[in-house]
Amino acid sequence: MQFLKIPVDARSGGMSGAVIASVRDASAMFWNPAGITRVDTGRVSFQVAHTRYFADTKINYAGAVFKTGSQSFLGVQLLAMDYGEMEETTEFQPLGTGRTFTMSNYLIGLTYAQQLTESFSLGINGKFAHEGLPNVATNNVLFDLGFQYNVGFRNTRFAVAMSNFGFSVQPKGEVELLDFTTTKKDNTFEDVTVPAVFRLGICSDIWRKNQHAITGALQLNHPTDNNESIALGAEYLYKNFLALRSGYEFGQDERTSPSAGMGVKLRRRYGQLGFDYGFVHKNVLGNLHRLTLSVTIK
10 MQFLKIPVDA RSGGMSGAVI ASVRDASAMF WNPAGITRVD TGRVSFQVAH TRYFADTKIN
70 YAGAVFKTGS QSFLGVQLLA MDYGEMEETT EFQPLGTGRT FTMSNYLIGL TYAQQLTESF
130 SLGINGKFAH EGLPNVATNN VLFDLGFQYN VGFRNTRFAV AMSNFGFSVQ PKGEVELLDF
190 TTTKKDNTFE DVTVPAVFRL GICSDIWRKN QHAITGALQL NHPTDNNESI ALGAEYLYKN
250 FLALRSGYEF GQDERTSPSA GMGVKLRRRY GQLGFDYGFV HKNVLGNLHR LTLSVTIK
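Numbering (my numbering), first residue to last: 10 to 307.
Quick caveat, the hints were computed from the structure, so don't treat them as lab data. The structure displayed is predicted, hence computed values, not measured ones. Treat the hints with care, as some may be off.
Unchecked claim - 25 Å max Cα-Cα, derived SDA-like pairs, lysine to any residue:
(1) Lys193 x Ser79
(2) Lys291 x Ile15
(3) Lys307 x Gly107
(4) Lys218 x Gly161
(5) Lys248 x Arg47
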């Protein structure tokens, strides 16, 4: 279930994922559920995001946040990964059997967050994750937990987020085992471990003057199934209208260029409309593009 670790939105993509302390939109349900308490909404906030991933795969994400009380928020999220059709090959037909197949990876989640004090917010996710191949599927129930704390100096925020925590599960179904003369079916599988990630982050205003502000972010990522990495991100904001972003993640297996992105927010009678774009270049896999559309209703 490695698809659960792939960033889903343009803002985080532009800052190399260093967002758990500063996230303040519906994508917080993916990064740090406590962040939905900072969504600027009177009634509801929606977000849809599309990632053009490598090898013609695509990731689609949708989230909605509702204010249910003076300090409480409820959110729902849906993530789906589209691999398209793939050609079936076997050991004895490496050029293809003439048949095609598809994978189905998706996540459905419910989030609750509470602003406990003026400085401290806490959030939790419960989510159902599915990863399926023809005749074989893995289903699991996972949880996320996170908090954000406003230090009270230069808009500094400290955050901790734990994502994809749960138990290992065994796939269900059966596969065909081929040899030269016979075909056998097997339904025994090894357990699939969950891709849990612990993140620790901080963000602060580096510079602020009149309608201009630059925020810096530092984040430690500790996955249970890979090496640790450190992400640095920066965001320039003008009048809460235009945002320019960049970042870099140290410790990755593959060398990449610094990420970049931008966003605009437009005030409307019904609320606010936002567009964001994120880009990063992987030296081996190529370019990765992310787009996000956000709508906030008063």
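Evaluated hints:
no.	hint	result
1	Lys193 x Ser79	violated (60 Å)
2	Lys291 x Ile15	holds (14 Å)
3	Lys307 x Gly107	violated (53 Å)
4	Lys218 x Gly161	holds (18 Å)
5	Lys248 x Arg47	holds (18 Å)
In this structure, the earlier hints numbered 1 and 3 are contradicted, and the remaining ones agree with it.
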